[in-house]
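Protein sequence lines, in the order shown, are assigned to chains A and B. Residue 1 is where the first sequence starts when you use our numbering, and the numbers rise one by one after that. Residue 115 is where the second sequence starts when you use our numbering, and the numbers rise one by one after that.
Hints were generated in silico from the structure; no laboratory data involved. Here a beta-carbon is modelled for each residue, glycine too, at the ideal position from N, C-alpha and C. Check before you lean on any hint, since a few could be wrong.
When the alpha-carbon atoms are kept at most 27 angstroms apart in a straight line, the in silico DSSO-like pairs for lysine-lysine are as follows [unchecked claim]:
1) A:K106 - A:K49
2) A:K68 - A:K49
3) B:K171 - A:K49
4) B:K171 - A:K61
5) A:K106 - A:K61
6) A:K106 - A:K68
7) B:K123 - A:K109
8) A:K49 - A:K109
9) B:K123 - B:K171
10) A:K109 - A:K68
11) A:K61 - A:K113
12) A:K106 - B:K123
Restraint-style ranges between C-beta atoms, simulated for each label pair [as the list claims (entries may be wrong)]:
13) B:P184 - A:T12: 21 to 31 angstroms
14) A:W83 - B:D115: 38 to 48 angstroms
15) B:E189 - A:E64: 31 to 41 angstroms
16) B:G117 - A:K61: 10 to 20 angstroms
17) A:R77 - B:S152: 25 to 35 angstroms
18) B:P122 - A:S18: 10 to 20 angstroms
19) B:I126 - A:S3: 38 to 48 angstroms
20) B:N173 - A:S14: 15 to 25 angstroms
21) A:S39 - B:S200: 19 to 29 angstroms
22) A:S18 - B:S194: 27 to 37 angstroms
23) A:S14 - B:E215: 25 to 35 angstroms
As a plain string of letters, each chain reads:
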Amino acid sequence: AQSVTQPDIHITVSEGASLELRCNYSYGATPYLFWYVQSPGQGLQLLLKYFSGDTLVQGIKGFEAEFKRSQSSFNLRKPSVHWSDAAEYFCAVGVGGSQGNLIFGKGTKLSVKP
Amino acid sequence: DSGVTQTPKHLITATGQRVTLRCSPRSGDLSVYWYQQSLDQGLQFLIQYYNGEERAKGNILERFSAQQFPDLHSELNLSSLELGDSALYFCASSVGHNTGELFFGEGSRLTVL
Chain A
1 AQSVTQPDIH ITVSEGASLE LRCNYSYGAT PYLFWYVQSP GQGLQLLLKY FSGDTLVQGI
61 KGFEAEFKRS QSSFNLRKPS VHWSDAAEYF CAVGVGGSQG NLIFGKGTKL SVKP
Chain B
115 DSGVTQTPKH LITATGQRVT LRCSPRSGDL SVYWYQQSLD QGLQFLIQYY NGEERAKGNI
175 LERFSAQQFP DLHSELNLSS LELGDSALYF CASSVGHNTG ELFFGEGSRL TVL
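One chain only, chain A, in its complex shape (with noise of 0.2 angstroms):
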């Protein structure tokens, strides 16, 4: 069965360092990949996705992604944190080939420390 795993629950990071988030997933086939960003009282708003082609995938607000099939992986990167990145990041995988039918990891909550 597809699963998502986010496997740290409350990251810390001061504002201009950089950020890795880490997301591992769970899929037979090429997944489609999304990474979607809730601030509080906010619904998601989606950073970035990958569908095939470069591994490499490029944001919003200056966010990366780096999709690696040999370690179903799918982390997400930041060079330089900036204090409004203070949110909740989750990870997610499109169930049976679909992109709007996800399955959500637990989502890994972000703080910024001035």
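Take the given structure of chain A and dock chain B to it, following the hints.
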């Protein structure tokens, strides 16, 4: 602002009751999705409608039902409510039935007492 509108934002009700959550998708979007977010289960896909027709079904209980109307707004009906149904219910929309980007509303927070 994603363009997806959900009402009500907050709802408190008692066990055994029935509630209806409403969603207006972004203008032009034909697909509507419902997700449930709870502390123990996380985010779970419930159901998808595309242009009025049910397209996919996830972990939706039999006590729950949904529909999409000709004007493309959608309603999620939750009946015989239990304490465990307390959660944040999100609606999302997308242009097509499989287009890769969902636009989420701010959610309806349901509290069952």
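Structure-based check of all given hints:
1. A:K106 - A:K49: holds, 18 angstroms
2. A:K68 - A:K49: With a Cα-Cα distance of about 14 angstroms, the restraint between K68 (chain A) and K49 (chain A) holds, given a limit of 27 angstroms.
3. B:K171 - A:K49: Holds - the C-alpha atoms of K49 (chain A) and K171 (chain B) are around 22 angstroms apart, at most 27 angstroms.
4. B:K171 - A:K61: violated, 32 angstroms
5. A:K106 - A:K61: With Cα atoms ~22 angstroms apart, K106 (chain A) and K61 (chain A) stay inside 27 angstroms; holds.
6. A:K106 - A:K68: Within the cut-off at roughly 20 angstroms; holds.
7. B:K123 - A:K109: holds, 23 angstroms
8. A:K49 - A:K109: Holds, because 20 angstroms separates the two Cα atoms, which is no more than 27 angstroms.
9. B:K123 - B:K171: holds, 24 angstroms
10. A:K109 - A:K68: Measuring from Cα to Cα gives roughly 23 angstroms; hence the hint holds.
11. A:K61 - A:K113: holds, 18 angstroms
12. A:K106 - B:K123: It holds: about 23 angstroms lies between the C-alpha atoms, which stays within 27 angstroms.
13. B:P184 - A:T12: 21 to 31 angstroms: For P184 (chain B) and T12 (chain A) the Cβ distance comes to about 49 angstroms; the hint is violated.
14. A:W83 - B:D115: 38 to 48 angstroms: Between W83 (chain A) and D115 (chain B), where Cβ atoms are some 22 angstroms apart, the hint is violated.
15. B:E189 - A:E64: 31 to 41 angstroms: With a Cβ separation near 38 angstroms, E189 (chain B) and E64 (chain A) satisfy 31 to 41 angstroms, so the hint holds.
16. B:G117 - A:K61: 10 to 20 angstroms: holds, 19 angstroms
17. A:R77 - B:S152: 25 to 35 angstroms: Because 29 angstroms falls inside the window, the suggested range holds.
18. B:P122 - A:S18: 10 to 20 angstroms: violated, 41 angstroms
19. B:I126 - A:S3: 38 to 48 angstroms: violated, 33 angstroms
20. B:N173 - A:S14: 15 to 25 angstroms: violated, 39 angstroms
21. A:S39 - B:S200: 19 to 29 angstroms: holds, 22 angstroms
22. A:S18 - B:S194: 27 to 37 angstroms: Violated, since S18 (chain A) and S194 (chain B) (Cβ atoms, about 49 angstroms apart) do not stay within the stated range.
23. A:S14 - B:E215: 25 to 35 angstroms: Given a distance of about 31 angstroms, which is inside 25 to 35 angstroms, the answer is holds.
In summary, the structure is inconsistent with hints 4, 13, 14, 18, 19, 20 and 22 from the numbered list given earlier, while agreeing with the others.
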